[in-house]
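**Student:** The lines below spell out each chain.
Protein chains: 6
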Amino acid sequence: MPQNADDANGLPYYKPVGRECEVFEHAYKNRLPLLLKGPTGSGKSRFVEYMSAKMKLPMITVSCHDETSAVDLLGRYLVKGSETTWQDGPMTRACRTGAVLYLDEIAEARPDTIVALHSLTDHRRILYLDRHDEEIAAPPTFMLIASFNPGYQKGWKELKASTRQRFVSIEFQYPSEAVESEIVRAESNLDLSQVKLLVQLAGRIRNLAELGLAETVSTRLLVSTAKLMADGLPARLACDVGIVQPLTDDAETGAAVRDVVALVF
Amino acid sequence: MPQNADDANGLPYYKPVGRECEVFEHAYKNRLPLLLKGPTGSGKSRFVEYMSAKMKLPMITVSCHDETSAVDLLGRYLVKGSETTWQDGPMTRACRTGAVLYLDEIAEARPDTIVALHSLTDHRRILYLDRHDEEIAAPPTFMLIASFNPGYQKGWKELKASTRQRFVSIEFQYPSEAVESEIVRAESNLDLSQVKLLVQLAGRIRNLAELGLAETVSTRLLVSTAKLMADGLPARLACDVGIVQPLTDDAETGAAVRDVVALVF
Amino acid sequence: MPQNADDANGLPYYKPVGRECEVFEHAYKNRLPLLLKGPTGSGKSRFVEYMSAKMKLPMITVSCHDETSAVDLLGRYLVKGSETTWQDGPMTRACRTGAVLYLDEIAEARPDTIVALHSLTDHRRILYLDRHDEEIAAPPTFMLIASFNPGYQKGWKELKASTRQRFVSIEFQYPSEAVESEIVRAESNLDLSQVKLLVQLAGRIRNLAELGLAETVSTRLLVSTAKLMADGLPARLACDVGIVQPLTDDAETGAAVRDVVALVF
Amino acid sequence: MPQNADDANGLPYYKPVGRECEVFEHAYKNRLPLLLKGPTGSGKSRFVEYMSAKMKLPMITVSCHDETSAVDLLGRYLVKGSETTWQDGPMTRACRTGAVLYLDEIAEARPDTIVALHSLTDHRRILYLDRHDEEIAAPPTFMLIASFNPGYQKGWKELKASTRQRFVSIEFQYPSEAVESEIVRAESNLDLSQVKLLVQLAGRIRNLAELGLAETVSTRLLVSTAKLMADGLPARLACDVGIVQPLTDDAETGAAVRDVVALVF
Amino acid sequence: MPQNADDANGLPYYKPVGRECEVFEHAYKNRLPLLLKGPTGSGKSRFVEYMSAKMKLPMITVSCHDETSAVDLLGRYLVKGSETTWQDGPMTRACRTGAVLYLDEIAEARPDTIVALHSLTDHRRILYLDRHDEEIAAPPTFMLIASFNPGYQKGWKELKASTRQRFVSIEFQYPSEAVESEIVRAESNLDLSQVKLLVQLAGRIRNLAELGLAETVSTRLLVSTAKLMADGLPARLACDVGIVQPLTDDAETGAAVRDVVALVF
Amino acid sequence: MPQNADDANGLPYYKPVGRECEVFEHAYKNRLPLLLKGPTGSGKSRFVEYMSAKMKLPMITVSCHDETSAVDLLGRYLVKGSETTWQDGPMTRACRTGAVLYLDEIAEARPDTIVALHSLTDHRRILYLDRHDEEIAAPPTFMLIASFNPGYQKGWKELKASTRQRFVSIEFQYPSEAVESEIVRAESNLDLSQVKLLVQLAGRIRNLAELGLAETVSTRLLVSTAKLMADGLPARLACDVGIVQPLTDDAETGAAVRDVVALVF
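Residue numbers (my numbering), protein chains in the order written: chain A, 7 to 271; chain B, 7 to 271; chain C, 7 to 271; chain D, 7 to 271; chain E, 7 to 271; chain F, 7 to 271.
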């Protein structure tokens, strides 16, 4: 595998696709919270890891879901034997230590979670722990970052305007062909010629709007498929289990995607 | 940054937009609860902070949400080792100490929360703590303030008439161009000429009803964008991440707003 | 402020609007439960306070809501250190001590609450505390009173016939102009001429069915506005924050109500 | 008040309207559960009290509601200090002691309640207390009786066929004019001539199907009204608060019922 | 009452209607789970009792309902004073002791209950008690039987195909006239001529599809009615309270069924 | 029963139907999670058991359902007397010990379960135990496998794209006639000629799309039926209780399937 510069510096691998690093630094300097918008597997989480490492900031990740509540983020009392102790949740830990707090898929969390952020995301920068009777002023290094996938269809949860307008926002798209080839190559160690074919395949599938796919091929899928190919699995079989099957359960749609694969490999 | 008078007095920055200060003082004197109605980021919370500080009243804030219940506001029993102690919630603390209690986005709270306010908001001014077997008569300095965003579309919760008619109400709108410029300048320290362009931009976007935005540019967004610009981020990029992206996820709407940005910067 | 007779007797201020006092006394004497029906702010709660004080009966009030359950009313076990003690809820306390129990907005309570009333509201007059393994026979002075707002639109909860037929019922309406003037004057100490204008204003707004208001001006709103005016706030501003804003969030409806205000003041 | 025979025998007052006593006795002798169907206030509960007293059987009543669960009926563990004790619920107590268990409005209870009855209502006559690891064989004197109001409109809960077919069922209707007069007279001590007018009034209202009332005048309402009249409240006012207001909140329907009252009194 | 053979052998009374006993024995021998499908009161539960007794297998019954959860079936920790002990639920007890586990109305149970069965109903025959950190291999005598009423209308719960295909299934129908007469006679001791009339009546009602009954006369209803008649209640009254009233609350449908009764008795 | 090779090696019986073993090995080597898609009873679970045994990897199975939550998978605190101990859930155990974790029917689990997998299924391979304040890096031997039945109709839960794109996926179908015969023969020991008829019967039923079956005959049903036949139950009766009754409750559909049975046996 080709050694890449960041890796040499001990940074996780990340290939910028626009001016996102610049915006991150200005938002950090001005203590503005950041919202990353974009589809599945477009590198939002990796970007946060990369920038945190580069700026030498500790990072705490929370994957939000339907049942993520304020208690989970803020903390709770634990009864151990005859003693009751308070245990900080990840948001409180990030706030105490001045870390980067990354709320992945924030729109999935329960509303109390999001509201708990309000006082942290305006001029106050204070976290209220009513249950622990404590107020924590966020240190200057504390930064709040959230991700959000606006591509989900109707029926998925929306962020309220009163929440969104608290964040500076960056849109993520799938990278250009050249950048994506570089990423897939770096992560899978597959021959460059094969990598290029895979990235071309992704471009073709992404352009087939008529397939009606809920979401299209992510860079992540290309990396998985490339790993299987680099390991010796035949290209068509690797594309079937790494791209076609993850994208659709429908027999006809599957056949259509498989036809595209057959044109490339 | 220009030193402003309130700051000199140790007050948080707030620029009045109408006769809201006068109404606040009369409501306080007559012990009438106050409801602040208005859109996201129009200064409702800042106004309460400012008036509380100006009148030297302690202030307790509760950000309400779907799961804010009366127990959260009134208090609960905590078991610590072999002892059980009662812990006042924020409403009880405000009532005991005669503070200003600010319920942000009251319409989001669960109905038991709102009903717990009833005896506090009529001639009785008493808080009933059934669980703690206690009645607290609110001292004369106690004041209840709530905020509410009526601009949310259908489907969002309404306040019942029996609750609303307990409050004197003030409507908040976005400030005039002159006032808004003053606010953005004071908070961001951006050059006045640039500030004026930003405020003009906001005016144009707010007038574009055909964009169909759920909610339009708040003063808060202008302040964030101004901070990024003052810090050296190019104006168009700052407007993109500070205004366009927070307002919409739709590609076409985004392009339309970006066109307006291009007319100004 | 003019001293009024009841006040002199230590009674809370209440101005009868019909024969409600007579019905109350007969219901009390015959141990029949009483249901007060009527719109927001029409004096139902004040009436119960007044009659209880006049008949020298202790009174216990419960504001019902979506989550009022039988446990809240009947009582619960509390664990304090290594001891478990039973704590009577307000219904049990009223039943033990022979007080007047007032369930405000009973239709909001959860069904188990209402069913817990059944044995108290028929010939048995017994409260069953299954969890405490106890039966309490209500003393002769115990009286159950509930309030209910039938004006709420469809979608609001209804009382079941099997519950309603357990109560003798009185309907409350807004008082006549003369009575309402007397009430507003007594509570606000505003000049009588101004009071009369306010009451006229209320009459005009109540007659504007075409406004489509969910609920119209209550006597309570008039009293708040009168207080602000008596305290020096200009009449139109007082009417705006005390009547127009509490009644509606709609710009057009607000303008229409404000036009009516401008005709009077 | 005229002394009536049952009262003399220490029995609660009950006036049979058909052959319900005979069916009760045969069901009891054959250990068949009994379901009483009928509208609000038609005497179902009183009938069970009367028969239990007449047959000298102890009786335990449970008013079922939306949140009546099997745990409430069967029993639960209570923690008292450092000891945990089992507390029988009413169904278990009835089963242990061989009492009559009366489940009022059984269709309101949660499904686990109803299923807990299954083994008690077939040839097994056993109550399974899984949580207490105990099986109780019901003694011969144990009898299960339930009530149910089939007149509720669509949307109200139904009993499943697999539950209903476990019960012998009796239908209750409002009594004949002669019987109802006797009941109202016995309970209120109102002059017989007045009683007869009240019962006629009930008949007229019950026949007015066009009123569209959810449920019509019950014998219970007549008794309340008769008590108020016997106590000196004028007939029309007594009918208004005792019959008209409990029956409807609609102004037009109320006026129509009041017209019928005016024809009689 | 005529002594019947099974009774003489100490077996509960059961009259086979097809080859269900044979299928039960083969399923048992091959350790295949069994699903009994059929309407209310068609003898499914009695069949399981009978076969268990005949094959001398201990039997544990669980009546499933909306709130039957895996914890109820598998077991839970109980806190008793300062000790915590594990209490096996009925499924665990059956599995440990090699009993017949009968889940009555399995489709009513919560999905976690049904999934807990998966490992027990395939080649593994293992019960996983994650909470107790234990795996129990079912002994050869363990057998799982479930019942299900497919006749319920739409809206009632369905069993998923992945659950159903784990069971060998037997369909239960009401027995033939000769068999049903024998059953009713054996259980009620009513004169055979009367029994035959009752069974004819059942046949007529079952054929009246135009009655639109949710479920029709079960053998259980016939037995109840026969007991009341054998005890001296007149036939028509017995049929009214034992058949007509349990079948319907609708006046017209009731009259139609009563007409059929009048043709027979 | 013919001894088969795998059995001789101590492996559970599994007959490969495609290149699924090869894909499994490559996914394992590249630490890619695996998703098995396919209908009920097509061998997904057996395949995981077989591969785990073959590769000598310990395997932990979780049958997911509507109420499987992250706490169930990750672990919880247990209070035992005066001590509180942490108990690992199955996901944590698998992660600590480097086992194969098989989540059967993953789409049924609650969303918090699925989100808990995110950090385990990307480049991080870390399990975050916020409640236990611990991070576990998965050892190289840890592998995550999930199953999913895409054939369920609308209304059944879907996996989100952001979850699916984390897995390499294999589609399972019912095996070819030759392979299925071999499987049924090996598992039931039924005569080969009879086995072949059964497999032909399955083919015919699977082709009858017009039956509108929710799901068709699985290999599992064929094995059950073959066992009953091998044990002496007549073929038609065995097919009725082993195939027809498990597939449908509808009388007409049942008759149609039974006709197909009659053509074969």
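Just so you know, not all the hints are guaranteed correct.
A pair holds if it fits inside one copy or across any two, identical chains being indistinguishable in the list.
Stated by the list, open to error - Here are the simulated DSS-like pairs of lysine-lysine, each with C-alpha atoms no more than 30 Å apart in a straight line:
| hint | residue 1 | residue 2 |
| --- | --- | --- |
| 1 | 62 | 21 |
| 2 | 62 | 166 |
| 3 | 21 | 35 |
| 4 | 62 | 35 |
| 5 | 202 | 62 |
Treat the hints as calculated values from the structure; they're not laboratory data.
**Student:** Which numbered hints turn out to be false for this structure?
**Tutor:** 2, 5
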